[in-house]
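Residue numbers (the working numbering), protein chains in the order written: chain A, 1 to 87; chain B, 1 to 660.
Derived from the structure by calculation, the hints contain no laboratory data. Fair warning: there could be bad hints in the mix.
What the hints assert, rightly or not - Between beta-carbon pairs, the in silico distance windows are:
no.	chain 1	residue 1	chain 2	residue 2	range
1	B	Asn13	A	Gly43	13 to 21 angstroms
2	A	Gly43	B	Glu155	32 to 40 angstroms
3	B	Thr520	A	Leu25	50 to 58 angstroms
4	B	Glu420	A	Gly43	43 to 51 angstroms
To be verified - Under 8 angstroms between C-beta atoms, here's a sample of chain B residues computed to sit facing chain A:
no.	residue
5	Ser62
6	Ser93
7	Leu95
8	Arg96
9	Asp249
10	Leu250
11	Ala253
12	Ser254
13	Gln255
14	Glu258
15	Asp283
16	Asn534
17	Trp629
Using N, Cα and C, we set each Cβ at its ideal position, and we do this for glycine too.
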Amino acid sequence: MGKLEEVLDLINSGVTQEMEIAKRLGLAKEEVSDIIKILENLGYVEKVEAGSKTCESCPLKKVCYGSCLKPTGVVAYRIRENVQEKG
Amino acid sequence: MAMKVVALAGNPNVGKTTVFNSLTGMRQHVGNWPGVTVEKKEGVFEYKGEKFLVVDLPGTYSLTAHSIDELVARNFLLNGNPDVVVNVVDATSLLRNLLLTMEIFEMGLKNVVIALNKIDLAEKKGIRIDPLKMSKALGVPVVAMSAKEGIGIEELKDKIYEMAQGRIKTNPVVPRYDPEVEREIEHITNSLKGTKLERRYPLRWLAIKLLQRDDEVMKLVLRHIGEERLREIMTHIGEAEARYGRAMDLIIASQKYEFIDRLTHEFMSYVGKEKESLTDQLDRILIHPVYGFIALAMVFYAVFKFIFALGLPLQEWLDGLFASFGEWLAPQIANETLRGLLVDGIIGGVGSVLSFFPLVFLLFFALSILEDVGYMARVAALMEGIMRKFGLPGKSVIPLVLGLGCNVPAVMATRTLEDERERLVTMLVSPFIPCSARLSVISFLAGAFFGSNHSIVALSVYLIAILVALLSAWLVGRFVVKGEESPFVIELPEYLIPSWKTVVTHSWERSKEFVKKAGTIILLGAIAIWYLSNYPVEIGSGKSYAEKLGYLFEPYMRLMGLDWKAAVSLLFGIIAKENVISTYGVIYGTTEAIKNAMTPLQAYVLAVVTTLYIPCIATIGAIRAESNWKWALFTTAYMIAVASIVGILIWHAGVALGLA
Numbered sequence: 001m002g003k004l005e006e007v008l009d010l011i012n013s014g015v016t017q018e019m020e021i022a023k024r025l026g027l028a029k030e031e032v033s034d035i036i037k038i039l040e041n042l043g044y045v046e047k048v049e050a051g052s053k054t055c056e057s058c059p060l061k062k063v064c065y066g067s068c069l070k071p072t073g074v075v076a077y078r079i080r081e082n083v084q085e086k087g
Numbered sequence: 001m002a003m004k005v006v007a008l009a010g011n012p013n014v015g016k017t018t019v020f021n022s023l024t025g026m027r028q029h030v031g032n033w034p035g036v037t038v039e040k041k042e043g044v045f046e047y048k049g050e051k052f053l054v055v056d057l058p059g060t061y062s063l064t065a066h067s068i069d070e071l072v073a074r075n076f077l078l079n080g081n082p083d084v085v086v087n088v089v090d091a092t093s094l095l096r097n098l099l100l101t102m103e104i105f106e107m108g109l110k111n112v113v114i115a116l117n118k119i120d121l122a123e124k125k126g127i128r129i130d131p132l133k134m135s136k137a138l139g140v141p142v143v144a145m146s147a148k149e150g151i152g153i154e155e156l157k158d159k160i161y162e163m164a165q166g167r168i169k170t171n172p173v174v175p176r177y178d179p180e181v182e183r184e185i186e187h188i189t190n191s192l193k194g195t196k197l198e199r200r201y202p203l204r205w206l207a208i209k210l211l212q213r214d215d216e217v218m219k220l221v222l223r224h225i226g227e228e229r230l231r232e233i234m235t236h237i238g239e240a241e242a243r244y245g246r247a248m249d250l251i252i253a254s255q256k257y258e259f260i261d262r263l264t265h266e267f268m269s270y271v272g273k274e275k276e277s278l279t280d281q282l283d284r285i286l287i288h289p290v291y292g293f294i295a296l297a298m299v300f301y302a303v304f305k306f307i308f309a310l311g312l313p314l315q316e317w318l319d320g321l322f323a324s325f326g327e328w329l330a331p332q333i334a335n336e337t338l339r340g341l342l343v344d345g346i347i348g349g350v351g352s353v354l355s356f357f358p359l360v361f362l363l364f365f366a367l368s369i370l371e372d373v374g375y376m377a378r379v380a381a382l383m384e385g386i387m388r389k390f391g392l393p394g395k396s397v398i399p400l401v402l403g404l405g406c407n408v409p410a411v412m413a414t415r416t417l418e419d420e421r422e423r424l425v426t427m428l429v430s431p432f433i434p435c436s437a438r439l440s441v442i443s444f445l446a447g448a449f450f451g452s453n454h455s456i457v458a459l460s461v462y463l464i465a466i467l468v469a470l471l472s473a474w475l476v477g478r479f480v481v482k483g484e485e486s487p488f489v490i491e492l493p494e495y496l497i498p499s500w501k502t503v504v505t506h507s508w509e510r511s512k513e514f515v516k517k518a519g520t521i522i523l524l525g526a527i528a529i530w531y532l533s534n535y536p537v538e539i540g541s542g543k544s545y546a547e548k549l550g551y552l553f554e555p556y557m558r559l560m561g562l563d564w565k566a567a568v569s570l571l572f573g574i575i576a577k578e579n580v581i582s583t584y585g586v587i588y589g590t591t592e593a594i595k596n597a598m599t600p601l602q603a604y605v606l607a608v609v610t611t612l613y614i615p616c617i618a619t620i621g622a623i624r625a626e627s628n629w630k631w632a633l634f635t636t637a638y639m640i641a642v643a644s645i646v647g648i649l650i651w652h653a654g655v656a657l658g659l660a
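Isolated chain B (complex conformation) (with noise of 0.2 angstroms):
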């Protein structure tokens, strides 16, 4: 005697592998469906004398062919003939895997068993389905079961028994959708009546099917009643589309769940909301409008707390030990032109950068593990409502976070927003949140003028380069660039303690770019800092390289209250901003010189112009590949303008409060 079939159909991740291997044990194989690569597991089982082959279907959620998937799940129903179809449903998301038990009531099948499964869980959660009236609601059988567990096999093979020895009658309920659709389901279910698609399927479903425009069902209608009378089919869809203002297939989905809505609550109660986890306690917080932007200061100030504390004794440490290498250097080497070079250029300059190597590791460290914990997803989600307000769309808050490691990544990251518009405004924004070679600038600045204030200070350098980049956004949305912006969703991770290891290998991948950038391109910046502080004659005659160039931009530089050591600092940062420290190193040689030659109003302007004034050469290169010289630019000549604007107006505001 043949066996009977077993169709088992479910959504993903409903526990329909475990149904099916609670059913078949070992008795299994596995191959693929003919023609497609998708997966074909069958397996036996023995009941009662009765010998049934189960046939796992795909998991999906509908079954319309919208993939591979779904239309072999559907043309084994349609076509395979089961003489059972369990359909496995997850009883904690029981709306949503209704949608597809509708769909098969839909399609005209008659011979189904719901494998309630997870019903465990769905206690835990406070959910509580009575099987019984479950089962007169929707007119089929219900077997209340945790594959997982062991619990209900049994009952579900007795069910499949009688289902398919023909004891049980069932009704399945169809859903019923309002005037205006089930007007168009009349209307095409008239124009296939008599025709051969009569015999083969029921003529509601067909109707439903060509309403959410599936493609296979179109071309099965077209070769029976021909392309004139579909197209008037389809025709009449649309004017009813139109009314609606909606897609059909929405509003058939739509339709669909509100019907399932209203039929779970004969058998479905909440008894008791599950505890509130962890994560939406803290997001309770920390996403907050309000509260969350409090705690976003707190939490980055306490970055700035840690890197500090703990980086700048190192950072001193380092200072003085590439001091003491120069001093201990210099004697060894007879040729005064060759000490100068290794002393005051390589040793000064990549020395004075290469100490603050602590720092960017701590800066790293800290960010590790604000990712790692989960918190950075929550500083996207709290700051893309402020994004969106300044006219930049939500997601280039991903790019603008990237920014805060290196600028280079978060250019390129722009490649991820679609819209031409809201790339080129990221873009040209980017650039003005401070990457980590800042950091180095901006906490030596700190360090050194203002004591035990550095947190606070150089907090506030960030916050004014944000605020400048929300606002350029503004400008540059609303005269430069023009267009709508689209939304993004970000779906937050839970909470988790971070890998230790994770966080360390992560901060060394990150932060040893600035030792391989000090080796390169800050050995040789330094080199030319020294040959043009050094020739024709040694820096303080007025006459060296550097000094003439610097009294070249030195009057400019006034407006801001800066010199022309300043100038040329920001000149070599353009090539990599670190160059800024180097430079003041060669000039200077220690930080006490520094110190002694700046007042704190112009370390504090010196911060915030090396922070805004100019994107360094590696990513102009990055905006001129993403976009074109153009844009590049247009960027550069924009960022040394609010540069300008926002040093002048620091260092006049500052000289009139009487801080200089």
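This is chain A alone, in the form it adopts within the complex (with noise of 0.2 angstroms):
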């Protein structure tokens, strides 16, 4: 398993801190920074930046102070006939 699938799993089964993730993983945290930048690419993970108008407007701002991120939902694997279908 690649290193982008070691941290999304991490991610999914709840390990809530890129600094914990990079230590189970042994990698730089700016290297699960960054994978975590690929996955928010990708649509595995959501972040929601700091001072965007989704964060504004967030009820939880108050006690945040910072970027949130969390796992979308997106299913591992999908089959899908309809070629049109895109999720």
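With the hints as a guide, bring both chains together as one complex.
Structure below.
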């Protein structure tokens, strides 16, 4: 399994901090941040940037003070026969 | 002669715009890409007599049609026929950046120059990159540069010029995937062979994009091979995904990343770790599974010490001030009823609550400092694991932290939890978290009855409340609303020195609600309590409405060692928790009288029961609005039951220990 998959699996299993992910996988924190960006671009995790419109209107803003990240719940695989479908 | 076209491609925030500005200077034009509202920047530069038109493509992480930016960048690279593609990569995040490079190579583009930007920052971080070896490994020229510092710009211009003149031979490296993926690629390319697509696009690239279920490529291929053949390809892909147990876009990205990882070993090394930042050093302790909780207990003990050390003298002073005002006002009013209402009812009731304003302000002041410093995010991260152990979603830590201020926004914040089960459980347990109104009750009782131990006593009430919340979450999650939980990742900000202006503004914004409440709902409550205590006959006769109401519940209160006055206080506390204090204020008049009427054990039980027994009306309303009446009533009944059990246990344990 590749690093991307390992990081995604850890996030899905509830490991909540980049530092913890880095420690568990023996990676640099910066590399974990980069991998999370890749996963975010692929649609597997979702990031709400601090200062964005979503962040500004979020009721949690007062205690959050930063960006937040969450798995999007995109499933591992899906056999699709409808060629127009994308998910 | 037509200008040579240079496309600038790269990830967002790699310094692409700085490279663009360094190349073109002031000769720029900004417009939109045709048909879309994506900004298109073009600029011109001249080198060795040749003019170049530089097109700054939108910053993207990949060239799959995930977004309009990616589509614009990809279409220009495919159809814009650039003479040279400058791929700007960030030397400090090379692995991630080279994913885009590999995509460019997979598109069959050979006229690529890598602008290895931020090389100075990479050096500072201990990352050593050999541009020559990198060039050899990638098969295209590499220019090490720092666009911000103006380093490498001339060399980049030179490489662009040489490339445009056709004087540089390249051989871009193309990632290879595992046999299963390669078989899929081969299967797809075989299906596409002989179509018109073969003349316009690299078939390997089309195959990879189909594997990634790229919408635009699927539409393109559909037009050329028809629905039946495309369906066969997609079914084949689906079967491969089933064998992997993962989506193919993740498999491809992952294998590409691994390929790049191996490749970078040829030209990149780490000569030394960057010095650990202060944030990382502090986090080693503050989010450590053991030391983190010790630190948390110490921080909150310090918070209570701070609140009580500064707040209690101010509270006593304000209390005295209201008492003196009442004493001064009483002789000025001839009408006995009006005097009673103003002095005993309003000044006694509202005054006793308002005197706690310093403590509430200081609580918010301390919380604001902890938030601004970045510590509350650590508390959330630290507690998240515990929450999950008790079946609460990690994300629920944030509504619970909000509950320290007021339970209403805490209940409202549960709407950020997507899962209904998680929402209901968090909604049920958030009213257990002591809000600022309950702080006034806790601090009053702790200050009046426990002398110098007030901080420990207050902290213990908070701890009981948190423990009850967690156990309730476990119980309710296990037996009432069952389901799976979803994880949550908290990104921890750097520690910062707080802005005092922001801290004071935040504290005032939050605590002014307390004053506003004192002037409205507490005032009305105080008048009602005064009325019930003085009609039809004055309190003490046993015939006032308040006494009658209290006596009704007294047998039940006795189980917890409390009397009818506590029953009346708790009843009025349903309107707003501060009323517990104002009721005692109206009934007894002075703090000294209250102290003489209760033992410390009774005061402690009252503090705990007030914290746990029922949400205030506003919170019940919020729960109803966020769920339904059924859940609001269940929460109310559940909290009364829990408070009674805990109150009875503490009282009897205290009696058994001889503390009564």
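Here is what the structure says about each hint:
| no. | hint | result |
| --- | --- | --- |
| 1 | B/Asn13 / A/Gly43: 13 to 21 angstroms | holds (20 angstroms) |
| 2 | A/Gly43 / B/Glu155: 32 to 40 angstroms | holds (38 angstroms) |
| 3 | B/Thr520 / A/Leu25: 50 to 58 angstroms | holds (55 angstroms) |
| 4 | B/Glu420 / A/Gly43: 43 to 51 angstroms | violated (24 angstroms) |
| 5 | Ser62 | holds (6 angstroms) |
| 6 | Ser93 | holds (5 angstroms) |
| 7 | Leu95 | holds (6 angstroms) |
| 8 | Arg96 | holds (4 angstroms) |
| 9 | Asp249 | holds (6 angstroms) |
| 10 | Leu250 | holds (6 angstroms) |
| 11 | Ala253 | holds (6 angstroms) |
| 12 | Ser254 | holds (4 angstroms) |
| 13 | Gln255 | holds (6 angstroms) |
| 14 | Glu258 | holds (5 angstroms) |
| 15 | Asp283 | holds (6 angstroms) |
| 16 | Asn534 | violated (42 angstroms) |
| 17 | Trp629 | violated (23 angstroms) |
Of the hints listed earlier, those the structure fails to meet are numbers 4, 16, 17, in rising order.
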